[in-house]
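Going down the list, the sequences are from chains A and B.
According to the numbering used here, the first sequence holds residues 1 to 217 in order.
According to the numbering used here, the second sequence holds residues 1 to 215 in order.
Rather than coming from a laboratory, the hints here were simulated on the basis of the structure.
Check before you lean on any hint, since a few could be wrong.
Label-pair restraints from in silico Cβ distances [claimed, not checked]: (1) A:P188 with B:E70: 51 to 57 Å; (2) A:G59 with B:D161: 44 to 50 Å; (3) A:Y23 with B:N60: 45 to 51 Å; (4) A:A47 with B:G16: 57 to 63 Å; (5) A:P173 with B:D161: 35 to 41 Å.
Ideal Cβ placement from N, Cα and C applies to all residues, glycine included.
Read off the chains here:
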Amino acid sequence: MDQQLKIELSQQGIFATTMEELYNWGRKNSVWPLTFGLACCAIEMIATTMARYDLARFGAEVFRPSPRQADLMIVAGTVTKKMAPQVVRLYNQMPEPKYVIAMGACAISGGPFKQGYSVLKGIDRYIPVEVHIPGCPPRPEALIDAFITLQKKIDAQALTGESRPRHLRDDTPSEFPVPTYGAHDLQPAKNPTLWHITTNTTSPKPLPSGTDESGRD
Amino acid sequence: MNLEEIKSTLEAAIPGCSPQIVTNGSPSGQHSLLLDREHAFAAAMFLRDDPTLCLDYCSNVTGLDWLDTETSEKVKVTQLVDGIEKEVEEISKTRTPGYLEAVYHLYSMQKKHGPLVVRLRTENRTDSVHLPSFTPVWRSAEFQEREVFDLFGIIFDGHPDLRRILMWDEFEDHPMRKDYVEPDDYEYEPTPHDAVLKKALEHRNRISSPDGQGA
Chain A
1 MDQQLKIELS QQGIFATTME ELYNWGRKNS VWPLTFGLAC CAIEMIATTM
51 ARYDLARFGA EVFRPSPRQA DLMIVAGTVT KKMAPQVVRL YNQMPEPKYV
101 IAMGACAISG GPFKQGYSVL KGIDRYIPVE VHIPGCPPRP EALIDAFITL
151 QKKIDAQALT GESRPRHLRD DTPSEFPVPT YGAHDLQPAK NPTLWHITTN
201 TTSPKPLPSG TDESGRD
Chain B
1 MNLEEIKSTL EAAIPGCSPQ IVTNGSPSGQ HSLLLDREHA FAAAMFLRDD
51 PTLCLDYCSN VTGLDWLDTE TSEKVKVTQL VDGIEKEVEE ISKTRTPGYL
101 EAVYHLYSMQ KKHGPLVVRL RTENRTDSVH LPSFTPVWRS AEFQEREVFD
151 LFGIIFDGHP DLRRILMWDE FEDHPMRKDY VEPDDYEYEP TPHDAVLKKA
201 LEHRNRISSP DGQGA
């Protein structure tokens with residue numbers, strides 16, 4: 001609907017909207033997160049919901065203790081390889097439409113534990129992530145910003161047509177395979193349908209000799 | 001009671017028990033008592049129940065991995081070379097098998113003294129990795145012995161529930177052992193250095209070799 005016409009009508013006391021706008025407006029203002037924390041980022045997430053930062057202002061006032069009633073999973077903290085299958089299973093148990101915010105350095109990439117043997121290098125290897133927040137831990141403002149970013153994303157979703165979101169399509173999965181525990185690592189190590197970032201295999205460049213001396217002063 | 005006195009009381013109380021004192025050369029000077037495997041359990045019971053020692057609290061259990069060591073020594077040997085006796089230097093190598101070690105820190109809540117550091121060593125680090133469990137003596141050792149079992153692979157005989165505690169049950173390695181090989185899952189790091197740089201270069205060599213799989 002033409003924006004100018006809408007303003008014109010509202011000045012005349014007529015409120016006009018579309019089904020899509022109304023639907024998205026309702027959805028974006030009632031995103032209920034899952035009560036789910038993995039490490040220190042969860043403390044910051046709890047602080048965000050408390051009186052000082054008050055995430056309830058944005059419609060996320062109830063943290064649901066069951067994945068069946070939640071719309072949003074905030075992966076707050078280090079995802080160990082032992083915990084990863086449970087995280088994916090919780091995600092699978094959530095009803096559509098569902099969203100994921102990966103909060104903090106560990107959840108998005110493994111963070112300081114990236115080169116460790118026991119930590120997953122980012123939850124986006126197994127489940128699709130809508131918003132990534134860097135930080136160790138991110139401040140509550142950063143989580144609120146991520147939440148608003150998610151709301152904008154929900155608001156921009158078209159309900160019909162080719163670009164309609166996953167929960168309105170039949171050909172896209174809403175559940176993702178749960179990795180199994182292997183003898184040395186998780187099997188598979190990543191979901192290739194979700195994770196297809198090609199890393200630069202030529203880096204790191206071996207340092208030319210003498211550069212660290214001559215480069216200074 | 002100092003360590004020497006504890007050693008002699010243990011020797012007197014438990015026939016056959018031969019504890020050794022492992023000295024610590026650092027400024028802390030926290031020397032420890034190495035118990036032999038056969039008498040370790042009886043010695044632990046004695047340390048707990050003796051009215052003067054009364055070490056009723058085990059605060060910490062940890063593991064250590066000592067690799068096999070090879071020491072080379074130069075020995076002068078007289079040999080006949082071209083009919084003339086000559087002194088020739090020969091290098092003799094001695095291989096000392098490594099071992100796994102469990103370390104217990106014991107305190108007395110009642111007498112307010114401690115810690116007494118007790119060590120146990122396995123025979124080697126491959127096929128004979130059994131130690132007596134101290135969980136029946138100090139209940140607080142239960143989870144920590146499970147952790148040592150998980151990460152170092154020491155099998156504690158007499159432990160009521162010896163399962164992995166940090167890694168999953170299907171996991172086969174013992175990650176804190178010095179010869180543990182991590183899964184090759186290196187991924188891009190913006191500024192790798194030291195051990196990570198070594199890992200990155202190894203990973204790059206592996207994927208650029210003809211039989212290597214892409215990243």
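Beta-carbon spacing of A47 of chain A to G16 of chain B - inside the hinted bounds 57 to 63 Å or not: holds, 60 Å
Is it true that P188 of chain A and E70 of chain B lie within 51 to 57 Å of each other by Cβ? violated, 41 Å
Can you tell me whether the CB distance of P173 of chain A to D161 of chain B sits inside 35 to 41 Å? About 40 Å separates the Cβ atoms of P173 of chain A and D161 of chain B, which means 35 to 41 Å holds.
Given the hint of 45 to 51 Å, is the C-beta distance from Y23 of chain A to N60 of chain B inside that range or not? violated, 58 Å
Whether the CB-CB distance between G59 of chain A and D161 of chain B falls inside 44 to 50 Å: Distance hint for G59 of chain A, D161 of chain B holds at roughly 46 Å.
Violated hints, listed in ascending order, are 1, 3; each of the other numbered hints is respected by the structure.
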